[in-house]
Structure formats: C-alpha cells, structure tokens
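Participant: What follows is the residue order along each chain.
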Amino acid sequence: MIYLRLFWEFFKTGLFAVGGGLATLPFLDRMVETTGWFTHAQLADMIAVSESTPGPIGVNMATYVGYLTAGVPGSVIATLGLAAPSVIIILLIARALKAFRDNKYVDAAFYGLRPCSIGLIAAAGLLVVKIALFHFDAYKLSGALGDLFNWKAIALAALLLVLTRFVKPLKKLHPIFFILGSALVGVLFSF
Amino acid sequence: MKQLWQLFLAFAKVGVMTFGGGYAMIPILEREIVDNHGWATNEELMDYYAVGQCTPGVIAVNTATFIGYKTAGVPGGVIATLGVVFPSVVIITLIAGLITRFADIPAVKSAFAAVRVCVCVLIFNSVLKLWKGAVKDKAALVLFLAVFLLSVFFDISPIVFVLLCGAAGILFTKMGVRGK
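Chains as they are written, first to last, in my numbering: chain A, 13 to 203; chain B, -19 to 160.
Hints are computed from structural coordinates only; laboratory data are not their basis.
Hints are supplied without guarantee of correctness; some may be wrong.
[What the hints assert, rightly or not] With a cut-off of at most 20 angstroms between alpha-carbon atoms, the simulated SDA-like pairs for lysine to any residue come out as follows:
1) B:89 <-> A:105
2) B:89 <-> B:79
3) B:-7 <-> B:74
4) B:109 <-> A:173
5) B:109 <-> A:138
6) B:89 <-> A:114
7) B:50 <-> A:96
8) B:50 <-> B:79
9) B:50 <-> B:89
10) B:-18 <-> B:27
11) A:110 <-> B:-18
12) A:116 <-> B:109
13) B:50 <-> A:138
14) A:116 <-> A:105
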C-alpha cells in the first residue's frame, strides 16, 4: 500500500527533522536509497522548485515527493504525514509551553541536535555537488581525469559563490533570482 | 466555526506569502496574527516561534499549530496547520505536474542542470549561516564533524544521528564540556 508507506516515511521525517529549512533534506536523501521513489537529480530539482515557490521548504518538498510517488493523493498524504508529528507533539506540550522551553534537558539535547542537523545537511549537499559539478559516469567509462569535471558547471558555481557571498547588493537577494538566472544560463550555454 | 475558517484563511495567507519558511515568515505572521486578528501579542508570537524551533518538524507547521490551538483548541491547531500547508500542496502539485510533463525537452534539461549548480551554492550558503549559530565550541564541532563524515562514508539513517546527538548534547552538558 503505497499511500501508507508514503505517510509513514514522511511521518518519520517530521518526527526527526530538527531545525527547519533544509532539515528534511537528509531524510529525503535517505528515501532515494531506501525506496527508489525518485532520484538524486530529482531531489536537487525539488530543492530549486521549493525555494522558488511560496510555502515552507519542508512542506514543499514533501508535496513534491508525494506527487512523484503517487500523484495528487500522494502529495496530500506526504504533506499530512510530515505535519502529523508536529501537530501531535505541539498539542501535547502546548499546556506546558514555558516549562518545555526552559527545561534544561530539552536545551541540552538541542545543543547536540543543531550541529547534527548541519552535518546531515552538509553531507546531503555533497551528493548534490556530486551530480551537479562532476561527470562520474563519463569518468568511469573513459578513465580520463578531464572527463570527471563538469567545467561549465564549476565555472557557474564559482560565479554564483562570488555573487552570493561577496557582492554586497546581491547578497541579500532572494534565492529565486539566482535560481532563475542559473536556469537562463543553463539554456543559453546548453548545460 | 467562523473562527476556524478565519484561522484557515489567515494561515493559508501566511503559507502563500512565505518564501522558504523560517525567519521569512515572522513579518507575515506579525501582520496576520497580531495586527489583523489579535490572536497573540508580538511577544507571544516570538515565544511560539522559539518553541517551534526546538520541537521536531517544520517550523511553520509548529508555529501554526501553536497559534491555532491557543485560539480555538485542538480543532484550531489542526485547521491552522492545514491552512499553512494548503497553498504548498496546490502550487507544488501543479508545478511538479508541469515539470514531469516537460522534463524531456532539451532546454528544460539544460535549465535544470544549471539550476542544480545553483542549489549546491544555496545549500553551501545555508550551511555556513546555520554553522554560525550552532557550532560555537569544540564539542559542537566534534559532533558536526562526526555526523558529516559518518554520513558521507557510511549508509546510516539520519534518525540514528539525531537520537545519538540528542543524547550527546545532554551528556556533554552534564560533563561540563559545553561552551569550551
């Protein structure tokens, strides 16, 4: 029963993803390997779409995976699965909100969870780097080191890095502008 | 009933106007929840947001559940959450449908190949940004490196890391290595 499995996978994601934003990425990454519902390349595309459309990224990505896996009902079920643990947990602690936030064990656990969440996101990001900046398939076929690097992609990455980190007026721009700009570059220079 | 409907609409608005979630959401929450409806004060809103960050799950969903619950009990919590995810479900389903249909066109393929490059840079930037707030001492650095290296080289579920690091956080705090 695909719907049940979908709900369960996203329930787990909602229960263990801590920190917001891209925190669900490592879980989706894991889903690529354990379920085969979508590919790493599709996951990278999902991030781009989720960052450039309205709505929280985690919710957008869940909807996207759900749709790819089981159509429109899938997108609803995956999203509900993601939200369910939050709703349950929040309703349980809502009465003792202050006590929860000030609890020293909760605080101590989150002291360990924050670096964990970043480590997981960074590791998942590395997989996107692998498919976006390198040609591992071509390299395996030819064995020539020159074939390993996707030079056009690396040049674009360097340019984007400079633009987003060092050029003052651009640093604050919303990611959507960089995503759309990259799409245009991709079409013009046939990536 | 009217209040539930208002909650749904208000949070659907928050969902539609939030690009990316997280901090981007705060000014929109302030306008809808504090100014327009008076469901919470600014201070309460920041409290909810803080708790939303230190409970598992998507921050926007956590915050919506809290405010909904406070305004109209358990049904309120559920309805507010449905409201905040509603725009995503509609918009993403439409876009995912379009992309799946046009994915084989060469220009679309080229566009996405370049967009993936951009995604690498965006992830890198957001890791750097998160880093500043989370890795402030040696013990946190050790946890970050351990999780990063182990999950790059081994096939381990992120759930395992989350459970272990939560425990490690408590252990490190008890041992007094935190902040050093």
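Participant: Next step is simple, just say for each hint if it's right about the structure.
Facilitator: Structure-based check of all given hints:
Proposed proximity of residue 89 (chain B) and residue 105 (chain A) is contradicted: the alpha carbons are some 46 angstroms apart, above 20 angstroms. Restraint check for residue 89 (chain B) and residue 79 (chain B): satisfied, since their Cα atoms lie roughly 10 angstroms apart, inside the 20 angstroms limit. With a C-alpha separation of about 18 angstroms, the suggested pairing of residue -7 (chain B) with residue 74 (chain B) holds against the 20 angstroms cut-off. Annotation: proposed proximity of residue 109 (chain B) to residue 173 (chain A) holds, straight-line Cα distance about 14 angstroms (limit 20 angstroms).
Between residue 109 (chain B) and residue 138 (chain A) the alpha-carbon distance is near 17 angstroms, which keeps this suggested pair within the 20 angstroms criterion. For the given pair, residue 89 (chain B) sits about 49 angstroms from residue 114 (chain A) by alpha-carbon distance, which is inconsistent with the 20 angstroms threshold. Proximity of residue 50 (chain B) to residue 96 (chain A) is assessed by CA-CA distance (about 18 angstroms); at most 20 angstroms being required, the pair is judged to hold. A threshold of 20 angstroms between alpha carbons decides the hint, and for residue 50 (chain B) with residue 79 (chain B) the separation of about 39 angstroms lies outside it, so the pair is violated.
Annotation: proposed proximity of residue 50 (chain B) to residue 89 (chain B) is violated, straight-line Cα distance about 47 angstroms (limit 20 angstroms). A hinted pair counts as satisfied when its Cα atoms are at most 20 angstroms apart, and residue -18 (chain B) with residue 27 (chain B) does not qualify at roughly 26 angstroms. Restraint check for residue 110 (chain A) and residue -18 (chain B): the C-alpha separation of about 29 angstroms exceeds 20 angstroms, so the hint is violated. Note on residue 116 (chain A) and residue 109 (chain B): the hinted pairing is violated, with a Cα-Cα distance of about 25 angstroms set against a maximum of 20 angstroms.
Between residue 50 (chain B) and residue 138 (chain A), the direct Cα distance comes to roughly 41 angstroms. Violation of the 20 angstroms bound is thereby established for this hinted pair. Using a Cα cut-off of 20 angstroms, the hinted pair residue 116 (chain A) and residue 105 (chain A) holds, with the two alpha carbons roughly 15 angstroms apart.
The structure fails to meet hints 1, 6, 8, 9, 10, 11, 12, 13 from the earlier list, while all remaining hints are met.
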